[in-house]
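Novice: Each chain, letter by letter, is given below.
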Amino acid sequence: IFVVVTGMMIFVVWKFRRRGPADDEVEPAQIYGSTHIEMAWTVVPIIITFVLILVTSRTIGEIQNRVMPENALKIRVVGHQWWWEVHYKDYNIITANEIHVPRSDRTGPGERPTEIILESADVIHSFWVPQLAGKTDLIPNKRNRTWIEPFVTGTFFGNCAEYCGTQHANMLLRVIVQEPEDFERWAKQMQAPVQIPTEPLAAQGRKDFYANSCVTCHRIDGTTAEGVFGPDLTKLMTRQTIGAGVAPLNPETLRQWVRNPQSLKTGCLMPDMKLSENEVDAITAYLLTLK
Amino acid sequence: MTRIGNTNKMTAAPAQNLEWKLPSHRKVAVITLILTETALFSIFLVAYLFYMGKSLNQPYPSEILHFPVLATIALLSSSVTIVFSEMALHRGNKPMFYLWWAITIALGSYFLWFTAVEWHHLIFKENFTLATNVFGTTFYSLVGLHASHVIIGLILLSLVFVLGLLGKVGPEHAEHIEMISWYWHFVDAIWIVVATVVYIISIRY
Amino acid sequence: MNSESVDENYELPPPQKIGEERGSLTRIIQELVFTVDHKKLGMMYIGSGLLFFVVAGIMAVFIRIQLAVPRNHFVEPEVYNRLFTMHGTVMVFLVGMPMIFGFANYLVPLMIGARDMAFPRLNAFGFWVFFFSGLLLFFSYFGAPGLYAAGSAPDVGWFAYSPLTAKAFSRGHSTDYWTLSILLGGIGSIATSLNIIVTIFCMRCKGMILGRMPLFVWIFLVVAFLVIIALPPLSACQIMLILDRYFGAKFFDTQAGGSAVLWQHFFWIFGHPEVYILMVPGFGIASEVIPVFSRKPIFGYPVMVAATVMIGFISLGVWAHHMFSIGMTSIGNTFFAISTLLVAIPTGIKIFNWIGTMYGGKLRFELPMLFCLAFLFQFLIAGLTGVMLAIAPFDWQLTDSYFVVAHFHYVLIGGLLYTLFAGIYYWYPKALGKMPNFKLGLWHFILFTIGFQMTFVPQHFSGFLGMPRRIYTYDAGRGWELWNMISSIGVIFQIAGVLFFVVNLIYSYVKGKKAGDDPWDAWTLEWATTSPPPHYNFETLPEIRSRRPLWDLKHPDDPDWKYE
Ligand code: HEA
Ligand code: HEA
Ligand code: CUA
Ligand SMILES: [Cu+2]
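Protein chains in written order, with our numbering: chain A, 2 to 292; chain B, 298 to 502; chain C, 4 to 567.
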């Protein structure tokens with residue numbers, strides 16, 4: 002369409018440009034319109050539009066009304082300002098910001114798409130992993146649903162795609178597609194109970210963690226830390242990034258985060274806890290054992 | 298010079314003595330105003346309908362709303378009396394005009410008074426306010442929007458009445474008066490819709 | 004308010020010398036503040052629109068600087084969020100709206116041969132309400148510090164989705180300034196549109212039946228009706244928001260069973276017609292400029308009118324195409340995809356009719372025409388990206404990405420802004436009596452076009468590559484760096500272009516050639532009076548017998564009315 006219409010335009014403009022001042026005296030033929038031509042250029046767009054409509058309706062139906070097979074992996078994602086809470090109900094796993102899913106086959110026993118239920122705890126967010134699926138919003142007080150079915154393994158980047166406040170830009174998401182066996186192995190690791198650290202610094206850190214108010218916001222499975230305002234830290238060190246993707250997760254960034262999260266992610270909802278340097282070291286050491 | 302086109306028929310020059318009549322400013326303005334007000338009301342109506350039955354806590358419409366029979370009769374009949382009033386004006390019967398006009402004002406005021414009493418009851422006896430639940434929010438905003446229009450209407454009506462008594466209303470104002478009555482009819486018509494939605498449909502929830 | 008304006012309709016006030024209006028600065032200010040003259044108000048609308056344009060443009064420059072390279076630290080995230088919110092809000096409500104109302108104010112009465120708007124004082128009221136709403140919005144920069152000093156200017160995006168605007172998520176008063184300003188601006192727009200409608204229906208000069216009005220006037224009739232119907236939803240949802248924020252109402256309170264989606268519906272019921280309210284006047288300008296500079300009457304006048312009305316109607320029923328990703332039922336999605344696609348038909352008709360008008364004409368490449376040609380080209384691209392977005396499955400992928408940003412800048416700049424430039428150059432001689440300088444204008448055209456394409460073509464690609472909008476920064480390595488860099492460089496050309504424009508406006512006023520009454524050899528009534536027109540607009544009016552009264556005057560041997 003673009004080519005045709007542009008071609009027409011260039012043609013007309015070129016052909017009928019003014020040919021010097023001598024031309025000016027005569028006015029060109031005065032044409033008011035033509036029913037036939039009008040009809041023609043009304044009907045053609047109507048036909049194009051009609052075709053577009055058919056294709057669109059079919060695709061919408063195919064995508065939205067797809068019936069999930071029995072064995073589909075079901076996960077629930079809850080959006081928070083500015084991170085993602087991820088639940089694997091069937092596996093009893095809670096994690097954040099990084100979603101592991103098994104690779105699926107197009108047909109046959111290996112076919113295993115992932116169904117994702119989307120909710121929000123505060124404002125509207127939107128789930129978008131460009132290479133895997135279009136957007137679906139996470140809306141408070143409303144439950145949405147989408148699905149993905151990756152056929153190749155790898156790490157896919159996603160973002161929150163609905164403006165949700167200060168750190169909307171750093172509400173990143175990763176989908177890690179693994180071979181089914183690897184996925185099961187990962188699930189096993191996530192389910193294993195956390196070890197209580199024996200190394201003195203980490204043990205001290207564990208005390209400090211509970212002595213400070215970290216527990217009011219964070220949850221660590223099997224302990225008294227049951228906060229739900231911040232991400233689950235049970236298996237923190239299995240993740241690749243910290244702060245929903247602001248930085249790669251490693252001892253340095255973790256330490257910086259514990260010392261003052263605002264220095265890594267300005268405006269994020271975890272306050273600067275004003276810990277002493279010793280406490281910071283200890284808590285970091287403790288958090289490093291969470292895997 | 299060539300001319301091409303489907304309209305290429307030789308028409309006679311348009312009549313020179315063509316009568317040039319344009320619609321009245323005020324009528325067009327008031328119709329437009331009513332149109333835009335209708336759009337405003339529809340949004341609040343939609344909000345009310347949308348939240349019907351969605352309140353999470355009491356009270357619900359069925360528990361506290363009662364159809365305001367007298368007030369509705371008063372408001373609707375005021376639409377009739379204003380027509381009588383206008384008819385009187387057309388006949389040049391000034392006293393009758395003022396009488397019917399005053400009755401219209403009285404009926405409108407009764408309606409407003411009733412709303413005030415209803416709200417007073419709801420707020421102080423039932424503890425039901427704008428912030429109680431989504432029902433309260435939509436109820437007060439919708440009925441309140443209507444009531445505010447009744448107030449505007451009453452102010453206009455009284456203005457005419459007072460100015461009239463001061464002898465400032467002459468025959469040249471007939472159209473002003475007609476416009477005010479249009480507006481008043483509009484306020485009434487809206488009430489029919491609002492009352493149906495609020496006191497009849499939503500009372501089932 | 005209205006009785007005088009009716010009576011004085013056809014009676015000439017004493018002629019007044021234009022020179023007398025010049026005076027000391029206080030006199031001028033007094034004039035501006037108290038004037039009810041539609042021409043002065045029109046120019047004031049356009050002037051303040053341009054002022055706000057430069058301000059919002061400078062905000063855009065900051066945005067582009069921040070995004071030029073990944074992980075840039077030019078501005079803080081909060082500041083960035085305020086920048087794009089203010090940029091969007093100002094551009095739509097304080098640039099687009101006043102500019103189109105300015106044109107309507109100045110030209111509608113002239114084109115239909117009236118002495119002023121129907122309600123001159125209401126007109127002045129509309130302007131001042133708009134102006135005050137602008138000041139209120141900008142005052143938020145000083146007046147709204149709140150908790151964490153998180154106040155300052157609004158930072159909720161130009162469509163301010165709930166519940167981000169609720170007290171819990173938007174502390175301080177910045178959102179209050181935003182909503183009050185929009186509410187106020189809405190009232191001004193409704194008042195002005197009411198005025199336009201009444202003017203068009205009730206103040207046409209003798210012989211100007213509806214079917215002979217210039218397309219420009221027809222278009223403003225449709226636009227004014229759209230405003231009348233579409234703005235109340237906006238006002239309504241601002242009222243709801245205010246009730247929520249101040250009185251604890253629960254409209255958008257999701258904790259109390261309120262819905263977060265309701266705001267979106269109400270906003271876009273306004274929002275989509277709004278984009279046509281902005282664009283259709285641009286069509287109006289093009290429909291005046293293209294015929295005059297092709298030396299031919301507009302092709303298919305009745306069809307153009309019908310298409311405009313169709314666009315108006317359809318646009319009221321397509322709003323949820325901004326909401327394809329909220330999880331509507333497949334039926335809902337299909338419905339809104341279809342209704343949106345239908346709009347392509349009347350719009351296409353218009354494009355073809357403009358091309359048809361040029362076909363067989365003698366094109367004169369004056370400034371207005373150049374901008375209109377670029378408009379045709381750019382609007383075509385914009386429309387086609389719009390159609391792509393209307394296809395819901397496509398939109399799931401592209402919504403809220405830079406592809407959408409590219410789409411709407413193509414319509415708003417490539418469409419609206421270009422026609423506004425065309426309009427300003429076209430009517431500049433009428434309003435100020437001087438010809439705009441061609442050379443400066445050409446530079447403006449070239450630089451701005453290069454800059455515009457450079458800025459917004461790459462955004463289509465970064466959108467395809469998955470770059471979401473409204474992010475203050477991004478990581479390297481996802482293929483977006485190059486496109487963002489080009490995009491930011493393009494802005495330099497745009498700045499240069501705009502500077503040429505501003506210089507041209509001033510230079511031509513001081514040094515420009517005198518323009519006669521009718522420098523473009525045009526055909527509509529505004530060119531029948533002096534430039535600038537006197538206070539009372541017309542000394543005498545020709546009897547209108549066709550759509551091109553001045554053609555009839557200039558070609559008495561071959562008048563139009565024989566053929567219509
Ligand atoms: C001037 C304003 C303007 C105009 C005129 C348009 C015109 C159109 N717009 Fe656009 N739009 C915006 C301003 C505008 N838009 C803005 C500001 C936003 C973003 C808001 C925000 O989120 O911040 C937006 C967003 C937007 C979206 C939502 C994207 C999203 O957020 O997910 C969609 C989706 O359907 C859309 C579609 C369209 C369509 C189909 C048209 C049509 O009118 C285009 C019709 C024109 C043509 C099609 C070209 C000519 C036709 C032919 C040559 C005929 C042949 C063609 C065919 C048969 C296809 N627009
Ligand atoms: C009419 C509408 C309009 C116009 C004209 C523009 C013009 C521009 N816009 Fe804007 N834009 C919007 C409407 C508009 N925009 C809207 C509605 C949004 C959405 C907001 C939201 O998401 O909420 C948006 C968002 C938006 C974004 C996305 C932000 C984000 O999502 O994170 C970007 C990014 O590149 C951008 C850039 C630009 C640029 C570079 C221009 C340029 O064309 C600007 C050109 C103008 C200038 C460059 C001014 C230059 C003049 C001078 C510099 C003079 C010198 C000064 C003195 C001598 C004092 N705009
Ligand atoms: Cu969450 Cu944007
Ligand atoms: Cu739209």
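Hints listed in this document are in silico derivations from the structure and should not be mistaken for laboratory results.
Each residue gets a CB set at the ideal place from its N, CA and C atoms; glycine is no exception.
Mixed in with the good hints there might be a few duds.
Stated by the list, open to error - If you anchor each label on the Cβ, the simulated ranges turn out as follows:
id, chain 1, residue 1, chain 2, residue 2, range
1, A, Phe51, C, Thr332, 54 to 62 Å
2, C, Met488, A, Pro194, 43 to 51 Å
3, A, Asp106, B, Ala428, 49 to 57 Å
4, B, Glu472, C, Thr332, 46 to 54 Å
Novice: Give a verdict on every hint.
Specialist: These are the hints, each one checked on the structure:
1. A/Phe51 to C/Thr332: 54 to 62 Å: 23 Å, violated
2. C/Met488 to A/Pro194: 43 to 51 Å: For A/Pro194 against C/Met488, whose Cβ atoms are near 50 Å apart, the range 43 to 51 Å holds.
3. A/Asp106 to B/Ala428: 49 to 57 Å: 55 Å, holds
4. B/Glu472 to C/Thr332: 46 to 54 Å: 50 Å, holds
In terms of the numbered hints stated before, the structure departs from hint 1 and from no other.
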